[in-house]
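Protein chains: 2
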Amino acid sequence: MQDTTPRFGFRLIGEDGAARVGEIATPHGLVRTPAFMPVGTGATVKALYPEQVKATGADIVLANTYHLMLRPGAERIAKLGGLHPFMRWDGPILTDSGGFQVMSLAKIREVSEEGVRFQSHLDGSRHMLTPERAVEIQCLLGADIQMQLDECIELPAERAQVERAMALSLRWAERARDAFASLGKPGQALFGIVQGGTDPELRRRSAEALVAMAFPGYAVGGLAVGEGHEVMLRTLEGVVPLLPGEKPRYLMGVGTPQDLIESVKRGIDMFDCVLPTRNGRHGIAFTWAGRLNLRNACHADDPAPLDPTSGCPAARDYSRAYLHHLVKSGEYLGAMLLSWANTAFYQELMAAMRLAMAEGRFASWAEETKRRLAASEED
Amino acid sequence: MQDTTPRFGFRLIGEDGAARVGEIATPHGLVRTPAFMPVGTGATVKALYPEQVKATGADIVLANTYHLMLRPGAERIAKLGGLHPFMRWDGPILTDSGGFQVMSLAKIREVSEEGVRFQSHLDGSRHMLTPERAVEIQCLLGADIQMQLDECIELPAERAQVERAMALSLRWAERARDAFASLGKPGQALFGIVQGGTDPELRRRSAEALVAMAFPGYAVGGLAVGEGHEVMLRTLEGVVPLLPGEKPRYLMGVGTPQDLIESVKRGIDMFDCVLPTRNGRHGIAFTWAGRLNLRNACHADDPAPLDPTSGCPAARDYSRAYLHHLVKSGEYLGAMLLSWANTAFYQELMAAMRLAMAEGRFASWAEETKRRLAASEED
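Line by line, the protein sequences give chains A and B. Note that our numbering has the first sequence beginning at 762, numbered continuously upward. Note that our numbering has the second sequence beginning at 762, numbered continuously upward.
One should not assume that every hint holds.
Any copy, or any two copies together, can satisfy a pair, since identical chains are not distinguished.
[As the list claims (entries may be wrong)] In silico BS3-like links for lysine-lysine, alpha-carbon gap of 27 angstroms or less:
no., residue 1, residue 2
1, K1131, K1026
2, K815, K840
3, K1008, K946
Hints listed in this document are in silico derivations from the structure and should not be mistaken for laboratory results.
Put together the whole structure using the sequences plus the hints.
Right, dumping it as structure tokens:
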């Protein structure tokens, strides 16, 4: 008899230099890697229907623990059957731990050994997020891939401060792992998060300690917070070789198409970022010919679509003149179409990377693609 | 050889009391009447893709001359091939004349015999709208059904003031008709608009004069501007019998489901209103069980959809709990789903009316439906 218990797993399909193609198995299906996860902060990828997100080729979406614990509440979502039916997404879902948003959004924050106490940015209500509660919330949501609570500090910061936060995040990682051992369902996975700012030694200590805890996957946190593209890549070059090759690697909150290409080249398997949808709401389109600002007057009379060869109706069927008009008029449809086109472009980009690797030509593909993407308009 | 020149036409299919089922032929296809036209003010039915509008069963949409002449401009739309390809709607389009929006939106307005001079509410630019220019703009847009420029005054007003505006609108009707005779394309139609406020005598004079001008269709304007449901219906009861039975009758800017039922009962064939989409953006859902306010806390834990029997995915597949969450969070998807569900409900309502008439049971259907719809929540 076959054992049908869901199991989390990562299968390496191929490598091309440090870059790799793979597949993550979750209770809600497979994720082709390298994967870009559209961000569904409040249980919705902004301005898109879930069917559209799926049709762009996205295998997995991300949702934010901080937002959902405050509204509508994790217990409420659990009573309604979990996040999957609630947001009508039947594929895999990854949730963050809430740590990053507590830092960037909450009003008052007090970090202690126990966890972080904060006030909601919505109504001022007081909450305590501990490593255990962060796991509990993510289990109530039913997330396939969960994140340990970590302390995200603002950069630049003193080394001692970065070290203290990194060490605390390691102790929280252990507590999260223990909580998940009793709360997690078969096939769900909890990832550890490497911290340590831009300090190679702190990053190394963080990575080694997390690897010793044997998480099923590893995230690199605390990057893309203003340190710059080059520093981010150098940090990745230090961290990635310390992570086990048979586990997926997730670079949190990144990034531009160029960031994604360079990070995949350095061995990253998973990404999430608000750029495609946020930029879509602000009139920016990502295309294979670079970034376009649909607010610019040069588009006002242009009957051409964003990309006649795209498989996405938003990019293929609507004129730039119409998109310009919609964006200038603040119409919903402008945000809807550009968020859709951008989400589709990001998936096309990931699919192109997977194909280039499968054909062993990732390096040359990357150079050519970066040249094409460089022709971007001013925002 | 068959003559394939498009012809505008109205075919009466059946009558049930004063109510009637029919079909309007336009250069872009047929319109089943009674018809509700979703409003696409700025060349988009707000928060809906054109394919969705079509799939709800809408045969025709309305667009606003005032908005489009200011942004993106009628000449620009003409250069791009007209409004149909611009907004990706290949069915019939009706445009208003701009008169109503000049009154309600423009900053400074000076009405003269020649026309109305006004300042744009967008950028303060100065414009002149004459009966001839209103026709020219609508022809540049390529509207299948066009409206004469009329003077819309604010109510309540002195009888002399209402009479002056009505008489001016009649002179403008003649000028519009003459302009359309040279500018209109085969199959396009220009409607006259009956004015005269709530004064039966003024309405009669307006209707008779317009009928003498032999327009291919007639609108009733200047209603649903605060006079109340009963006064509106009494005015219709006076006006409709004066209009020729073989021409379509269009009640402008109306209304609630109850308004539509009562107006169809009195012989109206066409409607437009922002209610389904505007209310959708404000968290209100129209259903066969009455109006729901999704902001209300009673929906927070309700796994039921708006209407499990609806053919519209927005009404059928998403829980009230999720809709409540989206609306409370100000998410795009909330407005998208409720605008979609409401637009579909209005089309279901029109289809139900057409069916009830075809089966000769409109009166009893109307009574039962009004009872069902009365169970509405507080906004």
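Inset, instruction - Check each numbered hint from earlier against the structure, then list the numbers of those it violates in ascending order. - result: none
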